[in-house]
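J.: Single-letter residue listing:
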Amino acid sequence: MNPAKNEKPRKVFGSICQEAEARRNAFKEAPVPKIHIGMATCGIASGALETKKAFIEVLAERNIDARIHSVGCIGHCYAEPVVIIDNPGFPPIFYHQVTPGKAKMLVKSYLEKGDPLFEHVLGAMEENDLIPPVSDFPRFNLEKRVVMEKCGLIDPEDIYDYIAEGGYSALVKALELPPEEIVTEVKNSGLRGRGGAGFPTGKKWEFALEAGKQDKIVICNADEGDPGAYMDRTILESNPHQVIEGMAICAYAVGARKAFFYVRAEYPLAVKIVSKAIQQAKEIGLLGKGILGTQFDLEIEVFQGSGAFVCGEETALIQSIEGKRGMPQYRPPYPVQKGFMEQPTVINNVKTFASIPPILGNGAVWYRGIGTENSPGTAIFSVVGDVVHAGLVEIPMGVTLRTLIFDICGGVPNKREFKAVQIGGPSGGCLPPDFLDTPIDFDSLTGAGAMMGSGGMVVMDEDTCMVDVARYFLDFTQKESCGKCTFCRIGTRHLLNTLERLTKGEGREEDLEQLRVIGEDIKDGSLCGLGKTAPNPVITSLMYFRGEYEAHIREKRCPAGMCRPLTAYYIDLDRCARGCDACVGCCPVEAIFTTKNRKKGVDQSLCVKCGECMVACPTEYNAVIKVSPPDLAPVIERPVDD
Amino acid sequence: MVKLLVDNIEVEVDEGKNLLQACLDNDIYIPNLCYIDGINRVSASCRLCFVDIEGVDQPVTSCTVRVEEGMVVKTDTPPVRRLQRTALQLLLSVHVVDCGHCPANKKCELQRIARFLKIGLKPKRLEQFLKEPGIDTDHPFLDYYPNRCVLCGRCVHVCRNSRERSFLAFARRGFDTIISFYGENEAPDLSCGDCFACVEICPVGALVPKEKEVP
Ligand SMILES: Cc1cc2nc3c(=O)[nH]c(=O)nc-3n(C[C@H](O)[C@H](O)[C@H](O)COP(=O)(O)O)c2cc1C
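For the record, the sequence lines run as chains A and B.
Count the first sequence with my numbering and you get residues 733 to 1374, in order.
Count the second sequence with my numbering and you get residues 750 to 964, in order.
Honestly, I wouldn't trust all of these hints.
Unchecked claim - Chain B stretches covered by chain A per the calculated footprint, using a threshold of three residues with CB under 8 Å from any CB of chain A:
1) 837 to 848
2) 868 to 878
3) 918 to 930
Said to hold, decoys possible - Computed list of chain A residues with no C-beta within reach of chain B, every gap over 10 Å:
4) Gly-746
5) Phe-869
6) Gly-1017
7) Asp-1304
Calculated from the structure, these hints are not laboratory results.
Note that CB positions come from ideal geometry on N, CA and C, so glycine has one too.
Chain A on its own, in the form it takes in the complex (with noise of 0.2 Å):
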C-alpha cells in the first residue's frame, strides 16, 4: 500500500466526527437530567434491568423529562447496580447498589426536589464543593485506566459515543503512516501480550509484516476460559470499538483483509454488543471496502467458539476457526508464520488490541511512562473472592500485590485473615502473604511461581482449604484437557485423584513425593501450554503450603476446616439452650437429636456436616462447633428411646 495515497482519511473522518460531536453536544446540553445505568453481564446479573425499567415507570409516572444511557461496566463489581446520575446544577453522582426501590426514591427525591440522598452516594464523578469525589477513594485514584478508559461512560452500541470521546482518531493516524513505522511504534512502547505469555506484540507484528505480499488474517483472542475470570468480557460488552480500532490498526499495519473476533458463545452479550459494533463500524465506512476513503478493505467476522477452554490456546483456536476439533498443534510452525489456512496470522489478546489506539494516539513514549521497564502499561485483574471492592481494577504495572488487594480492593472482608492469592487461572500459583509485596508485572509474578495470565484473581481467607483448591482447579484441568498429548490427558488424572484422596483423608506419605514428581514430568513433558501449566496450583501450593498437605496425611486434619470427611461438627452442652430447637428444624438429614436434660446433640453416623446447624444455632450461644480431625468431636449419645 503507498501511503502517500492515504491523505484522505483525516478528510472523511472529520465529518463522522461532526456528526458525533453534534449528536454528543445534543446530548450533554439538554437542560434535563441523565441517568448513566450500567448494563454489562454483571450489571444485568445484579438487576440493572429492573432498576432500568423503575427509573423508566417513575419518570413517566412523575411526568419528568430525563434520558436514560445505558453503557457498560465501570468495574466495580461490589457497587452493581451502579447508576451515575447527571443532574443540572450537580455534579455527575455515582450511586451504588440501585434496586429498583432505590431509582424510584432518587427520582422523586433527587430529580424532583434537589435532595441528592447523600446516604445512597458514593462519591461525585467530579471535584466539586458539595459531594466528596470518588477520586478521594484508592478503589479509584490508585487506579490507571488505558485500556478502561471509557468503559462504562460510554454507550457501547453507540458508535458515536466512542468516536466523540476521541475514538477511531489513532486508526485515522494509523492511515496516513507507513505499515513500517506503526510496527516501529508499537515495539517501541515495549506492549506485551495480555493473553497470558506476555510476548512482545510489536515483535509479533513484524514478523507478519515480513511475511511479505500474501494475505496475513488477524485475529482477536476473546476465548477467556479461565474460571472467575472476566476481564475481555467486560471490555467487549462496554467497549468495543476500542478493540475494533486496534484490530483494524494491526491489519493495516501488517497488511491483512481479513480478521476473526473468536468470542466463546457463553457470552452471548459480548457476540452481540461486539457483531453490532462492527455493523455500525461498516455503515460509516470505518470497516469494509476503501476504509475512510483508502485503498484498506478490512471484513470482521465474528466466530462463536463453543467454550473449550483449550480453544483459547492460540493453534487450537485456529484449528477450531477452520472447523476441526479444537486440539493444539506442535508449534513452530507458529501461527504468525503459519496459522488460519496457512496463511501468516496476527493473534492477539482482547486487552492488547484495546491497548494500540492509545498506544498510537499518545505515543510510545507515553506507554512507557506507565508500568515497569520491562512490562509497560496496564493491567487488568478480576479481582473476585474474599476481597471487599471485588471487580475489574486497572493498574500500572509495579504496583503490588498488598496495594492491590488490601488499599484498592480493600483487604478480606469479615475481619478474616488474608490467606492466599491465585494468580494466572488454572496455570497459575497460589502465593502466601509473604509475597504480598511482589509487584505485578510478568516476570516478577513468574519468579515467584505465578503467572500473569490474563488477569484472573482470586483472594482466599484463613477458611480456604489449599489442598482442596489445588484439586479444584486440577479437576478444571482434566476436564479442559483436549486429551491429546499423554502428559495432560493422563498426569493430571493421577495428580487429580491423589488430590481427592488427600481431601478425604485417604492421602498417603509417598503422595507429596509423588505430586512433585508427576508435576513436573507433566511440566516438561506436555506438548501446549495447558499441560505445561496444569501441575502449577499443585506445585506452589506444595512450595507454600506443605505442612497443610501434611496435616491431611499424617493427622486427617484439615487445617482450614473445609475438606468435609475431616471435618465433624458437636454441639457443646455447657452453651446449648435448653428447650432451643433453632439447628433441629434446618438439619437436613435429621442428625440432631434432644438429650435426656433437652439439649441437642448431633449423631455423626447421620451428619452430612453441612454447617447449617452452625448457620442456625442463636449468636448468643454459639453452641456449634466445627472440629477437624472429626474424632476430636465428643460422643454424645443419643439416648436409647429417641
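Go by the hints and put chain B with the ligand onto chain A.
T.: Quick look at chain B with the ligand alone, frame taken from chain A:
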C-alpha cells in the same frame, strides 16, 4: 546431505529431514507411537521420542526437529529417559494389560517400548484407571477397545488420507477422550467399507476387525 552426531555415531542424512526419521533410518531406535513418516504436520502427541540436543537445555521431541549440519544428539540421557519412562508408565496406567487375549501380542509397540526402556508392563508406581465401557461395538466391521488405545491418532490420519475425510475422530475431553466411529457423520458410516487401514496402522490392538458371523 548433512552430518550429525547421534550417540557419538556420525550419520549422514538429507538436509531438513525429520530427526526421528533420520535416527530410525540409521538403526538408532527412539521410542515413538504417534509418528507417521511423510506427514505434513506431525502430531507430537505421544511424548515418547524425546532426545537431548546440544545447546538446547531441555529434552525435545525428535519428531518435531529438522536435522541441521553438526547437530549433536543424545538419545539416552537421564532426563530423556525420565520423561520417556513417565510417559510410558502413564500410558500403561490406563491400559488393560491382558496381552494373552490381545491380537497385538508380540507385535505390540507398547511391549516393545517397555522392553526397550526396561519397564514392567504393570508399573507399581501408579494406580490404574480404566474407561467404561471397555469396548465399543457400534461399527459394522470393527470393534474398538478404549483401554488398549494409546490415542496416537494414526487411525484418524490414515482414514482421512485414504478418503479425504475421516470416518474416525477423537471424541470427548480429558481422560475420557476416545476414538469415535462417528467421525464427521451422524451414525457409523456403512460406506466405510473394510479397508482396515486403521487396523493395520494401530500400534497396539485397539481396533480389531469384527469376527465374521458364521451363518
Ligand atoms: C490453555 C491455554 C488457554 C489460553 N487461553 C487464552 C485466552 O482465553 N485468551 C487469550 O487471549 N489467550 C489465551 N491463551 C494464550 C494464547 O495461546 C496466545 O498466546 C494469545 O492469544 C496471544 O495473544 P497476546 O500476545 O496478545 O497475549 C491461552 C493459552 C493456553 C495454553
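J.: So, for every hint listed, does it hold in this structure?
T.: Comparing the hints with the structure gives:
For the stretch 837 to 848 of chain B, the assignment as covered by chain A holds, since 4 residues bring a beta-carbon within under 8 Å of that chain's beta-carbons and 3 suffice. For a cut-off of 8 Å, the count of residues in the stretch 868 to 878 of chain B with a CB near a CB of chain A stands at 4, and the three-residue condition holds. Closer than 8 Å: that is the beta-carbon criterion, and the stretch 918 to 930 of chain B has 8 residues meeting it against chain A, so the requirement of 3 holds. The Cβ of Gly-746/A lies farther than 10 Å from every Cβ of chain B, with a closest approach of about 49 Å, so its non-interface assignment holds.
At roughly 44 Å from the closest C-beta of chain B, the C-beta of Phe-869/A stays outside 10 Å, upholding its exclusion from the interface. Every beta carbon of chain B lies more than 10 Å from that of Gly-1017/A, the smallest distance being close to 40 Å; the non-interface claim holds. Once the 10 Å rule is applied to beta carbons, Asp-1304/A is consistent with being away from chain B; the minimum gap is 41 Å.
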